[in-house]
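There are 4 protein chains.
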Amino acid sequence: MIVVMKQEASEGDVEHMVQRIESLGLKAHVIVGTERTVIAAVGDDRKTHKESLESGPGVASVMPILAPYKVASLELKREPTMIRAGSLSLGNGAVGVIAGPCSVETEEQLIKTAEAVKKAGATALRGGAFKPRTSPYSFQGLKEEGLRLLAAARDATGLAIVTEVVATEDVDLVARYADVLQVGARNMQNYRLLEAVGKTDRPVLLKRGPSATIDELLLAAEYILDAGNPNVMLCERGIRTFETHTRFTLPLATVVYLHSKTHLPVVVDPSHGTGHTYLVPKMAAASVAAGADGLIMEVHPDPENALSDGYQSMTFEQFDDTMRECRKVAEALGRKM
Amino acid sequence: MIVVMKQEASEGDVEHMVQRIESLGLKAHVIVGTERTVIAAVGDDRKTHKESLESGPGVASVMPILAPYKVASLELKREPTMIRAGSLSLGNGAVGVIAGPCSVETEEQLIKTAEAVKKAGATALRGGAFKPRTSPYSFQGLKEEGLRLLAAARDATGLAIVTEVVATEDVDLVARYADVLQVGARNMQNYRLLEAVGKTDRPVLLKRGPSATIDELLLAAEYILDAGNPNVMLCERGIRTFETHTRFTLPLATVVYLHSKTHLPVVVDPSHGTGHTYLVPKMAAASVAAGADGLIMEVHPDPENALSDGYQSMTFEQFDDTMRECRKVAEALGRKM
Amino acid sequence: MIVVMKQEASEGDVEHMVQRIESLGLKAHVIVGTERTVIAAVGDDRKTHKESLESGPGVASVMPILAPYKVASLELKREPTMIRAGSLSLGNGAVGVIAGPCSVETEEQLIKTAEAVKKAGATALRGGAFKPRTSPYSFQGLKEEGLRLLAAARDATGLAIVTEVVATEDVDLVARYADVLQVGARNMQNYRLLEAVGKTDRPVLLKRGPSATIDELLLAAEYILDAGNPNVMLCERGIRTFETHTRFTLPLATVVYLHSKTHLPVVVDPSHGTGHTYLVPKMAAASVAAGADGLIMEVHPDPENALSDGYQSMTFEQFDDTMRECRKVAEALGRKM
Amino acid sequence: MIVVMKQEASEGDVEHMVQRIESLGLKAHVIVGTERTVIAAVGDDRKTHKESLESGPGVASVMPILAPYKVASLELKREPTMIRAGSLSLGNGAVGVIAGPCSVETEEQLIKTAEAVKKAGATALRGGAFKPRTSPYSFQGLKEEGLRLLAAARDATGLAIVTEVVATEDVDLVARYADVLQVGARNMQNYRLLEAVGKTDRPVLLKRGPSATIDELLLAAEYILDAGNPNVMLCERGIRTFETHTRFTLPLATVVYLHSKTHLPVVVDPSHGTGHTYLVPKMAAASVAAGADGLIMEVHPDPENALSDGYQSMTFEQFDDTMRECRKVAEALGRKM
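Chains as they are written, first to last, in this note's numbering: chain G, 654 to 990; chain X, 654 to 990; chain S, 654 to 990; chain W, 654 to 990.
Quick caveat, the hints were computed from the structure, so don't treat them as lab data.
Each hint should be verified, as a subset may be incorrect.
[To be verified] Stretches of chain X that chain S covers, calculated by requiring three or more beta carbons in the stretch to come under 8 Å of a beta carbon on chain S: (1) 895-904; (2) 908-917; (3) 940-950.
All values reported here derive from a predicted model rather than from experimental measurement.
Glycine included, every Cβ here is placed at the ideal spot set by N, Cα and C.
Could you build the full structure based on these sequences and the hints that come with them?
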């Protein structure tokens, strides 16, 4: 931690801050510059109240040196974390593909979709039973009935099930049916929920909130890891920016950056990340080229009549084409898909 | 709803969309332009799956006409909603002021702060007992013990208590102690929590998420209203932008815009909205000038030793000065404070 | 400057960086932490190629300590800079008000507006003769004829003239007619233009670009100051964010922040900063409460028929009301307007 | 254009707006909805003062239907525009690669780099002679001497020269030496400069400003096209968002979106788009997968000692590896590189 003093800070202010730093169990090094004094605080500062140092007399700013997360960090564990959940395998050089409808609607819709995406090469089935919806007037999901249909689709196809859990009180129920628990973007900082999924033995797909920094995403993962669950997949699904021609802005550099900071695998969601079906295929291929460990995509037998997210769902044929292109890229780069 | 067709859309596409629109119970008007055809869909489209229309053949885009919220809307109820909760009164021309520490730490800290903010003119006491923290390694709050201290502070000063609830399972407990339930920015789209606070008889202070649009904020309010609780205060606490000299960007035009769309009162949080104590006083005064119905601010007897948010907390003296300036502005503009 | 080494950096890397830092004329202090080594580089680093240090072997990141601007800095000059240009006086406790149409259209339009804004209390007249327009198909301004009309309006009312200059080759021409040269948001980083206005003896109103950081704004001012012109007014006119209910997001904390960093006066433009007439009055009052040294606002005799920016222009009556409210706030806070 | 009336708009307001619309040469269709009235205005509205309609009595908002650009539009010209400038060929299925140093520094630096990038497969050489720099204290480029060195590098290697022009008065000079004129991100809305390069016979590489919308980018291109120059390449180089782990956020969906709207070729700049060398290779490959017609990348013989942008420049070896990976992706997808 570097404490930068104001130009007008007095010697007493510097002395005061040195004592504060040492009272936190850190060692202080004072460096007198030509225009300002800075104090380097040496030691593990993750658990100290570093932000409160900014309130100190004469302090201009405080700059952390250590990343705030620990267990997720590549510095702690250098080998990539591999996730295995039934048919889904991620983070081992192979690109896992999770595909399916936004919402579970009917048995026929789900089974048909599961069969189609499996045939095209998907390794897991997604489908929402509990749906967090922006408007209280939108379809809210089939709930437990949806979970049952998902399990039936797994029985029919062998595909692992990835489905969202939106509340602590549903975690046990959802974990009974699902192979992977998804924590959605809106719940990325719902810490109780993170703790609850951290106590299950199910791998977790953690989606980045649309305005979450990468440090915040990794700290959210840290809640799950810290609760005892080592199997976390991070998912980039687009951030909120001034752009309006896409629903969100999908920043693929996240994949490369995360691979330089964490051992956790990184999944990209080009459906939510763009919000328009016609943008998905090329952004899926670009995700693979950027090194994504997995993809999650929305596929529906009849997007025009989908109960949610039709505008970003692919038909079976579009998905098949997309898989074909993605596979070409993966193979060219020496990866399996 | 306006469905804009692509230039290359066929007559069959237009005909298809007309039927789709009518099958949703809306009336379709086709307007053939010089370069494109648009179809106006007339009727209440809030509950229909309007997004799925974007998947229709030949559709370029779909533009909603009606706001997606209804009960929160000024079109439904023209008189401003007034909130009364013990000593706190908001939305009636008077500016309510909620002040106190970020976290409840000790009885002495809390009672001293409550007395100081009351003397300076605050009309309610804030203080966190359940703290949602970005890092699992940060102080997480005193929980029920914190609630007890808050109730003691109310007994001592008569100030109404505003405190955050972070999980559905805590709602009853928190509602037993608090006068106002705060839903934090991170939980703005935690719909179960919104429904749960919507079933209590406590007024709710709903904070805007840092990347939430105003429509999303009003739809979150709509979840609470729809669950039966009419007493919602909306709180602007800053949005995430590219700016780094402030922790968040505080867009005060939100106040004026919301007053043109909703009858719900609007509170501004200049502490989180700027993230630096020295910016708070003038931004508080500016909030009053912009027409805010209330302010919520962090005050601590010793910010440098606060267990959270010291960098944005005011001392008693700073708060007293801030109140003095805000009152001058309020009075000049014919409002009480 | 603080050079943060990667955890895996070798001793040789550290030694290499120490030599690099010293070859730049700075003094290096090595601080060995529990997890990483950092090197503090002491000295004036503004002119050195500090960014290239990031390419050094084993370097994780480089954090500057000194602000990159110098002449604009409060550390160099503590007294606020006052601007005087004919009837306009800014930065001396009084709030200067620049008002007028977006574009100069006709003599009648301009003279009528000048008289109306003067009567309402404006101290300078704005009006565009050279218009930078997003689309080549929009009205591009009356050019020199517009400048002549502005001069005529000054003759008629005594109001100082503020008008935009968009190209280096026009600087002399515009400076012949105008009292204050405006550099628009799109040209904030047109360095040739900044140098050119820096060589005139006219005060400059420098608008912040919609995605410019404050450091970038101050460095743009530094180009003008460095060219010999000390009379620069900084203008906050809104930044680009994800918000769409306003055309730009107007972050008033900029005013307070700038006052803590620079001696240059700060003007706010609530017309461009919101993009909707109905939002302007309260945001103007809020700007005064935030401590703005000046306001610049669009006023038109008939906004509906304006050739540009009608959607954010006030009528004479609206402007008169706005001035009245702003004056109340200014007086309450002990300022003149 | 759709004019949405407020709920409280009177019949007189509607009638007034109908007359306004017809006075602009458009045809008005009134559609009375269940809650609001909307008026569809039919005709080419690009040249009309559509924004001023928002000031009309009772108007809630105005939504354009037609894109504001015309010549750049795919609706006007369906075949992709191909650019040929010496060795550079773009937009014909082949991926053009422009590589070289940020700034031209010395003859040796430039010739060595030109030879290295050519050998690795680049088809054009970039290098800045006129440098727009955020700080007046940074290296500003060798100016005409830099142009001479670029021409010498072309003589030595046969590579076409791409270099930036920052001011109208330099256009002739730069056009004498360069094969392609680059308009930088800071000058994307410097309309005089756009008109000036539009009058030359050199192809133009137009970089997107970091907060420019795609419509604004296409309108900037429209200035060049409208001035008579049909050879414009659009360049995505990253946008400004809240993210700080990259210097800018590189939104590759831009490539796919632009291909759906315009016939102009799209180049991606992963060097500026990420701001860190280690992120460039994978983002270059991802750009190819997203369908980019070209890449522009920074390469320097000794990034650590570069006079500018060392932190995002690749060494010769890194560039060679990057090209190899990109070529694999291109070939897998049936494109040449």
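Hint check:
1. 895-904: Since three or more residues must qualify, the claim that chain S covers the region 895-904 of chain X holds, with 8 doing so at under 8 Å.
2. 908-917: holds (count 4)
3. 940-950: holds (count 5)
Hint compliance for this structure: no hint is broken.
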